[in-house]
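Numbered by the working numbering, the letters in the sequence shown go through residues 9 to 106 in order.
Just so you know, these hints were derived from the structure itself, not from any lab. Mixed in with the good hints, there may be bad ones.
Straight-line distance between alpha carbons at most 30 Å, and here's what the computed DSS-like set of lysine-lysine pairs gives [as the list claims (entries may be wrong)]: (1) K52 - K90; (2) K14 - K36; (3) K52 - K36; (4) K94 - K13; (5) K10 - K27; (6) K45 - K90; (7) K36 - K94; (8) K27 - K13; (9) K10 - K57.
Simulated restraints on C-beta separations [stated by the list, open to error]: (10) E26 - G97: 16 to 22 Å; (11) V95 - H29: 29 to 35 Å; (12) L96 - N41: 19 to 25 Å; (13) I89 - E62: 17 to 23 Å; (14) A51 - E83: 20 to 26 Å; (15) V95 - K14: 17 to 23 Å; (16) I88 - E46: 19 to 25 Å; (17) N17 - K52: 17 to 23 Å; (18) D72 - G97: 18 to 24 Å; (19) N17 - K94: 14 to 20 Å.
Quantities reported herein were computed from a predicted structural model and do not represent experimental measurements. Using N, Cα and C, we set each Cβ at its ideal position, and we do this for glycine too.
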Amino acid sequence: MKVVKKVYNNNVVLVINEKGHEEIIMGKGIGFNLRAKETFDEAKLSIDKTFVVEDEQSINNLPDILNTIDYSDIELASDIIKQGEKVLGLDCNNKVTT
9 MKVVKKVYNN
19 NVVLVINEKG
29 HEEIIMGKGI
39 GFNLRAKETF
49 DEAKLSIDKT
59 FVVEDEQSIN
69 NLPDILNTID
79 YSDIELASDI
89 IKQGEKVLGL
99 DCNNKVTT
């Protein structure tokens, strides 16, 4: 079970995982009806992406990033990176692909 720390929009939620670390989860509609401090079962949500937060600056910059980038653009970029990895037989740095 994870705990909601902040709902940025219907597609992006900041959560605290079981180890007490912050994660950003993304998926169409996952933030709908979630509230801060609420626990949820991630198996019941359609989570497409999970980003592990490594530093405080990443969290501080997140609202600005979310206001300027569409969720569909993030999905597209992720799909392009995955396809590039497959075609080239390479793995990108986690900071790029997660």
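Here is how each hint holds up against the structure:
1. Pair hint K52 plus K90 holds up; C-alpha atoms about 25 Å apart against a cutoff of 30 Å.
2. About 16 Å separates the Cα atoms of K14 and K36, which keeps this hinted pair within 30 Å; it holds.
3. Restraint check: the Cα-Cα separation between K52 and K36 comes to about 13 Å, which is no more than 30 Å; the hinted pair holds.
4. Using a Cα cut-off of 30 Å, the hinted pair K94 and K13 is violated, with the two alpha carbons roughly 35 Å apart.
5. Annotation: proposed proximity of K10 to K27 holds, straight-line Cα distance about 9 Å (limit 30 Å).
6. Restraint check for K45 and K90: not satisfied, since their Cα atoms lie roughly 33 Å apart, outside the 30 Å limit.
7. For the proposed pair K36 and K94, the alpha carbon gap of about 25 Å is at most 30 Å, so the pair holds.
8. Taken as a hint, the K27 and K13 pair is honoured in the structure, with Cα atoms around 14 Å apart against an allowance of 30 Å.
9. For the hint pairing K10 with K57, the CA-to-CA distance comes to about 15 Å; that is within 30 Å, so the pair holds.
10. At roughly 34 Å, the beta carbons of E26 and G97 sit outside the given window of 16 to 22 Å.
11. Checked against the hint of 29 to 35 Å, the pair V95 and H29 passes, with Cβ atoms roughly 33 Å apart.
12. For the pair L96 and N41, the beta carbons lie near 41 Å from each other, so the given range of 19 to 25 Å is not met.
13. Taking 17 to 23 Å as the suggested C-beta distance range, the pair I89 and E62 conforms, at roughly 18 Å.
14. At about 21 Å, the CB distance of A51 to E83 agrees with the hint of 20 to 26 Å.
15. Distance hint for V95 and K14: a CB-CB separation of about 37 Å, inconsistent with the stated range 17 to 23 Å.
16. A C-beta distance of roughly 34 Å is found between I88 and E46, which places it outside the suggested range of 19 to 25 Å.
17. Distance hint for N17 and K52: a CB-CB separation of about 19 Å, consistent with the stated range 17 to 23 Å.
18. The given range of 18 to 24 Å is broken by D72 and G97, whose C-beta atoms sit roughly 35 Å from each other.
19. The hint said 14 to 20 Å for the Cβ distance between N17 and K94, and at roughly 30 Å that hint is violated.
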